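Q: The lines below spell out each chain.
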Amino acid sequence: MIEVQALTKRYGAVTAIDNLSFTAQPGQVTGFLGPNGAGKTTTMRILTGFMPPTSGAAIVAGYDVFTQSMEVRRRIGYLPENVPLYRDMTAVGYLMYLAEIRGLADRRKKAEAALDRVGLLYRAQSRIRSLSKGMRQRVGLAAALLHDPEVLILDEPTIGLDPFQVLELRDLIRELGQDHTVLFSTHILSEAEQVCNNVVIINQGHIVAQGNPADLRVELERGGRIFVRVNANPEEVRPIIANAAGVASVDIEGDHLIATPSSANIDPRPAIARVLVEANYELVELRPLAVRLEEIFLEVTQRQIQHPEEEPIAEVVG
Amino acid sequence: MRAVWAVYKRELALYFRSPIAYGVALALFLFLGLLFTSNVSAGNGQAPATFLNIAPELLSFLTFLVAPLLTMRLLSEEAREGTLEVLMTLPMRELQFVLGKFLAVWSYYTLLLVVMLIYPILLSTVGILDIGQLVGSYLGAWLYGGAMLAVCLIWSALFEDQIVAAFLGAASVLVLFLAESAAIWASNQGILSGAADFIREFSLSAHYQSTLAQGVLRAEDILYFVLMIIAAIFITVRIVEIRRWRA
Amino acid sequence: MNEHQDMQANEEQEGFIPPYYMLIVSALGLVIALFVALTQREFSVVGWGGLGIAVLGFIAWALMAPDQLRAALTGRTAQYGGTAVIVTIVFLVALIAIYAIVKQQGWRVALSNNQAFSLTEEARNVIEAMGQDPSTPQVKIILFYAAADAGLRDGDQVLLDEFVEASNGKISYEFIDPDRNPLIAQDYGVSRSRQVAVVALDENGEPNIEKAELLNLLNQEQLTNAVLRVAAQGDFRAYFAAFPNGLGLDDGTALGLSEVRDLLRDAWNWQVEEITLLDMMTGTVDLNDPAADGIVLVLPGGSSPLPDEQFAVLTEYLDKGGDIVIFAGLGDEQPEALATAPNFTNYLEENFGLRINNDLVIDPVQAFQSPTAPVATTFDQTHFVTSTLQATDALVFPLSHSIDIVDEPPANVTVTPLAFSSEEAYAKAYTLAVISGDTPLDKADDDPSGSFVLAAAAENTETGARVLVFGSQYFPANQYRDLAIAGIQNYALTLNGLAWTTNFDSFASQISQVQLGTRVEDTPIFATPSDLSTISFITVILLPFGTLLIGVWVWWRNRERVDIHQPSQQEG
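Chains as they are written, first to last, in our numbering: chain A, 4 to 321; chain B, 5 to 251; chain C, 926 to 1497.
FYI, nobody ran anything at the bench for these hints, they're computed from the structure.
Model, not experiment: these values are computed from the prediction.
Ideal placement from N, C-alpha and C gives every residue a C-beta, glycine not left out.
Misleading hints may appear alongside valid ones.
[Stated by the list, open to error] Residues of chain B clear of chain A, computed beta-carbon distances all greater than 12 Å:
id : residue
1  : T41
2  : T87
3  : L107
4  : T129
5  : V139
6  : L143
7  : V168
8  : W189
9  : Q193
10 : L221
11 : I233
12 : I239
[Unchecked claim] Distance ranges between label pairs, derived from CB positions:
id : chain 1 : residue 1 : chain 2 : residue 2 : range
13 : A       : S133      : C       : T1453     : 22 to 32 Å
14 : C       : T1317     : B       : W189      : 42 to 52 Å
15 : C       : A1054     : B       : G49       : 48 to 58 Å
16 : C       : V971      : A       : S58       : 14 to 24 Å
17 : C       : I1011     : B       : W9        : 49 to 59 Å
18 : A       : R13       : C       : I949      : 22 to 32 Å
19 : C       : I949      : A       : S133      : 51 to 61 Å
20 : C       : T1453     : B       : S111      : 33 to 43 Å
21 : A       : H190      : B       : E81       : 24 to 34 Å
22 : C       : I1014     : B       : S185      : 19 to 29 Å
23 : C       : V1477     : B       : T114      : 21 to 31 Å
24 : B       : R21       : C       : L988      : 22 to 32 Å
[Said to hold, decoys possible] Rough simulated footprint, nothing fancy, chain A against chain B, three-plus residues with beta-carbon under 8 Å:
id : stretch
25 : 114-122
26 : 202-214
Make a model of the complete structure from these sequences and hints.
A: Dropping the structure here:
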């Protein structure tokens, strides 16, 4: 369980994260999405006790990250971005080293179990510098799993892996999510959609959206604009679509059109299809603009950039 | 203590695989060996054994090279490789981490010093050693080295670039070493006598050369080195804390 | 920053005096205390005051802003905020304070028994004896060390502390930088750094600079001996009898004795007084005071015989073992003078085996300015009094009597002629006419001639009495002091004589004879050629290249392991 309350971190005049509040539930995988520099790593470093917040509080596994840092550290497994490792050590040696610092008993057994869990036991005696990028990522993950922590915090765990490895890792995270609190950050959104039960999207230190991926999609589909592609000159069809019932306005973007509904509760697609067919146009594509998380993400983050004063457009707590 | 021990073991083992550590040892032993041999031949029949045992005094002088070389990577590498982030999210305090590192490098230095007992042992076969002087000078060289390693550790914590850390380490050891000359200079400038005495209290040589190295144990000399170790470790811990605060 | 805002908020609440002013005051106090502790010998009132201000300032701050204190100790500001720097500085200052306090205690141990730091058994014994003797004065060792010798100072303190401790506090020491205190250095004749002055202090603690000894280096043996010499203040007294026409003790002219007096008083610390023989009779002066280490009666002249009752006092003194130095005078109203009168000469001959003739020695070839001032260049080399004279030295005996040594001295008496005139000398019987110039001084046929004894020493080994006779009353006069450069050693010999009669010489030499043995550790090494080649093999080849080999081996072993991918294999 991770509870973040009004967390703020400033570096001098720069505000890295501002008044962040969210919760990650046990038995769930919480995705932490955002473009580079959004404050994901800063947040995770605060949650792991590596960095103190400027203000606000975070409770991880029932302990305050600032005042009870050691208790928190005992209960989390953390995979930092870029997976720093001691390259001169063997995989198992590295894990045993961490186990010793953590004061675990049966260090070799635990180290090998962790390696087994990430499928790397066969390279236990290899020096880390001789391992591939993906293997190192898995050593880092094994280090996070070593002490079977309540909470796992994974910073961009799939970055730099080949597609097969990514798939493997996603399966692993999903599996771990069943009995741990997992918070993992990524900027690959399909990944979040596949793996996460819950998503927090941040940009420039602010939460711009959060909820479970399906809810987010429904929300945005309903309120979202309609993408229309017609086998004709967009200028020609624009007045026709504008006349359809429930359509407030139509914009031309390149070879396609974007129709904005007059109300968020109205789906104007049937009306648009009807008027186009009646006018004898060949309708090529008709769909909600933001159907995938990528698009929601792009949209919400871009709005943020264009209108930073605006409130987040969607907030679904779930 | 458990975490200190874990860090200590890893770092010490690393010294036995580190080319720098062997390089330092080779250069040191070769230099001392040549000097020692020529001193013994020159002093044969003339100088007492105590005069010829130059190892501890020379090593303490050479700490301005040895200490930065041995400490430069200790903390800067952790910061540069990012492993500091891993370690500082483990249930381990900065003090434990820094202490483990420091004790490891001090142990390596101690080992060098113990190997250097070969010189007095050889001397004892051809002459009679002043055991009191021997104990004092080795104890002094040991504390001296510890203090300088701790001071150089500060720079390693402050800079990710090992070369910068080493350079500043060497500079600070030299400054501490030359403080006595500075005190003499200050005294001759007619500046308040207090200033000269005050500067001198910070000087390395004033706490070793004419006392510990001669077999005279003074409480303030031993305390000087011990407190310098404590102060340097305290500062290093603070720097590591601030590093992760601003990381 | 958060903490900054907190602070400002507090300031507004507190009103006129911001609490952190108290912290500044406290820090200032601490700095003052620290400065005093490090630079002054005593942690003076200023130091305690500074410390007091520091503590009070801190308490005031804590009372005025308890929330700030709590925050500083526990909050995130203590660990990460601006307070971190202050906490660090406070910590460092506390360490320095601990250092300063411990330094004040001056705890030290010399592990080495090197003479440079530890008193040897011999030195410790004599210094302890000196410390227990209530009659010896306080002795101060002043070390003139310039700033460049501060290192030497640290080491030497250890030895000096042992001196202080062994002497039971009778010895003290002080380091003085001759560059900073040139006047003091000048007082002691210090010409360069590292010189060490040893000086006795009088009852008022004033140094007796005249009697100070200056060493060129600190050396335990030399220092010990210098301390003993300086501290050696035996109770020695010289009583100079005052006679009409005799040499006056307080006479500063060429024919006075003030030079001898000054040296005895200032350098030797003797008690020197001019008395009349009447004083001896009346008992105002006790020549036989058993408390004294040495008393000598000096008779510088005396131109008329002693009356019987006075003479009896003198003989009684000598019979009891008294010591006397006679500078024989010339008769003025009658030919016989004090020393040449029958009562005196008979007594000396019977008791000490020597006789002062009532004559005048004239040397036409070897004399100083006038033939009536014969010069002696032949001396007894064995006797203490004349043993210091060199072959080129000379003694002048103006208007001197000759001295006869009897062939068979009395029992227990040894008589030594000390100085001789040349073979060409002759002696004219002394009459008043001779001195007034009415009788020609040319050699008459019946005048005895040859080498005359002009000074002699006699000692009764049973009673301890010592008698030293010079044929001339002018022998010790001030004028000869400056002629020492020319080789005329009357002044030195006078002092030698006084030292010998009182045994001052053995007193002084006893105390300066501590010899420290050398330690076995200081014997040079002895290595055979095969030892040397073993040493050079081990230190130049085996140790460095052995290390290199181990390094290469470890590197190689390590390297191989990198590339071999072992399957999941468990290591033991």
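Q: Give a verdict on every hint.
A: Hint check:
no. : hint                             : result
1   : T41                              : holds (37 Å)
2   : T87                              : violated (4 Å)
3   : L107                             : holds (15 Å)
4   : T129                             : holds (41 Å)
5   : V139                             : holds (36 Å)
6   : L143                             : holds (32 Å)
7   : V168                             : holds (21 Å)
8   : W189                             : holds (41 Å)
9   : Q193                             : holds (42 Å)
10  : L221                             : holds (38 Å)
11  : I233                             : holds (23 Å)
12  : I239                             : holds (19 Å)
13  : S133(A) <-> T1453(C): 22 to 32 Å : violated (55 Å)
14  : T1317(C) <-> W189(B): 42 to 52 Å : holds (51 Å)
15  : A1054(C) <-> G49(B): 48 to 58 Å  : violated (38 Å)
16  : V971(C) <-> S58(A): 14 to 24 Å   : violated (45 Å)
17  : I1011(C) <-> W9(B): 49 to 59 Å   : violated (33 Å)
18  : R13(A) <-> I949(C): 22 to 32 Å   : holds (28 Å)
19  : I949(C) <-> S133(A): 51 to 61 Å  : holds (59 Å)
20  : T1453(C) <-> S111(B): 33 to 43 Å : holds (38 Å)
21  : H190(A) <-> E81(B): 24 to 34 Å   : holds (29 Å)
22  : I1014(C) <-> S185(B): 19 to 29 Å : holds (27 Å)
23  : V1477(C) <-> T114(B): 21 to 31 Å : holds (24 Å)
24  : R21(B) <-> L988(C): 22 to 32 Å   : violated (57 Å)
25  : 114-122                          : violated (count 0)
26  : 202-214                          : violated (count 0)
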